[in-house]
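S.K.: Chain by chain, the residues:
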Amino acid sequence: MLTRYRNTNDAPRFVPFSLVDWESPWRTFGNLRHDLDRLFGVYERSIANPTLNNDDRTELHDTGNEIVICVDLPGVSKKDVELSVSGENVFVKATRSASAPEGYTTHRRERASYTFEHSWRFAAPVDTQKAEARLQDGVLTITLPKSPNAQPKQIPVKAG
Amino acid sequence: MTQNIVENSNSSRVERASTLATLTPSVDIYENDKELLVVADLPRVTHESLTVEVNHPELKIEGRTSVSDKRQEFLYTRTFHLGASVDVNKIEAKLSDGVLEVHLPKTEPFQVRKIAVKSA
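Chains A and B, in that order, are what the protein sequence lines are. Letter by letter, the first sequence follows residues 0 to 159 of numbering that gives the first Met the number 0. Letter by letter, the second sequence follows residues 0 to 119 of numbering that gives the first Met the number 0.
Mixed in with the good hints there might be a few duds.
To be verified - Chain B is faced by these chain A residues, among others (derived, beta-carbon under 7 Å):
#1 58
#2 71
#3 73
#4 105
#5 106
#6 107
#7 108
#8 109
#9 117
#10 121
#11 132
#12 136
#13 137
#14 138
No lab work stands behind these hints, which were simulated from the structure alone. Treat the numbers as computed from the prediction; the structure is a model and nothing was measured. All C-beta atoms, glycine included, are put in the ideal place defined by N, C-alpha and C.
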């Protein structure tokens with residue numbers, strides 16, 4: 000809604016982008032979405048549909064020689080992660096069961112149980128022998144070296 | 000009983016003015032006869048970059064995501080207002096698998112105690 004003000008002093012001060020980080024204006028919306036999801040219980044809904052394919056959790060980097068996948072999995076222990084790599088396919092499944100500790104009454108419950116399940120298919124095969132995975136600080140980091148043929152190579156140009 | 004710990008929403012709004020993008024961690028709050036227990040999801044937050052600060056009556060949890068990976072840095076922050084029943088000197092915190100547990104023991108007068116009834 001547009002409101003006209005007779006006097007510019009009456010108009011509420013509009014501070015452009017005061018809350019927006021200039022590096023990435025969309026980041027604010029990402030945070031807002033995160034907060035709203037929490038408020039309206041996206042995790043609660045996930046109980047009915049316990050598979051979360053949350054893009055917010057996952058990040059993928061291509062460093063040239065390898066592909067690095069990071070997944071935020073707070074509260075997941077090593078034994079609750081299933082990971083398989085074959086050719087250009089990678090599959091991850093992780094489960095957390097967050098139950099109220101025994102003998103306690105619950106005042107607030109935002110952390111829910113979840114199952115994260117995701118698979119990736121890359122354009123080139125990865126070196127399954129050298130693939131590594133590490134779970135630390137609630138983050139699963141999967142390092143997948145590309146197979147030698149898929150790695151970038153500098154081709155020297157010869158003078159004719 | 001819930002008056003023992005109340006979220007302090009004003010101060011988290013102040014935090015948003017900081018340059019680092021902030022996130023609000025998901026939190027569970029439990030209580031038994033002896034203590035309050037706050038559990039927070041803080042993935043990517045390391046031991047070194049986490050602070051749990053009690054400035055009575057305020058409990059502030061602040062964790063910076065690690066910079067070792069090339070991912071965007073975030074600041075997880077959340078503030079609570081503690082009631083008189085919390086024994087500030089005995090608060091203990093533990094971080095494992097990206098989950099923070101803060102144990103807030105109650106002061107003796109607020110602990111539930113069973114009184115043995117003597118027969119006359």
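S.K.: Would you list, in rising numerical order, the hints stated earlier that this structure does not obey?
M.R.: Violated: hints 9, 10 and 11.
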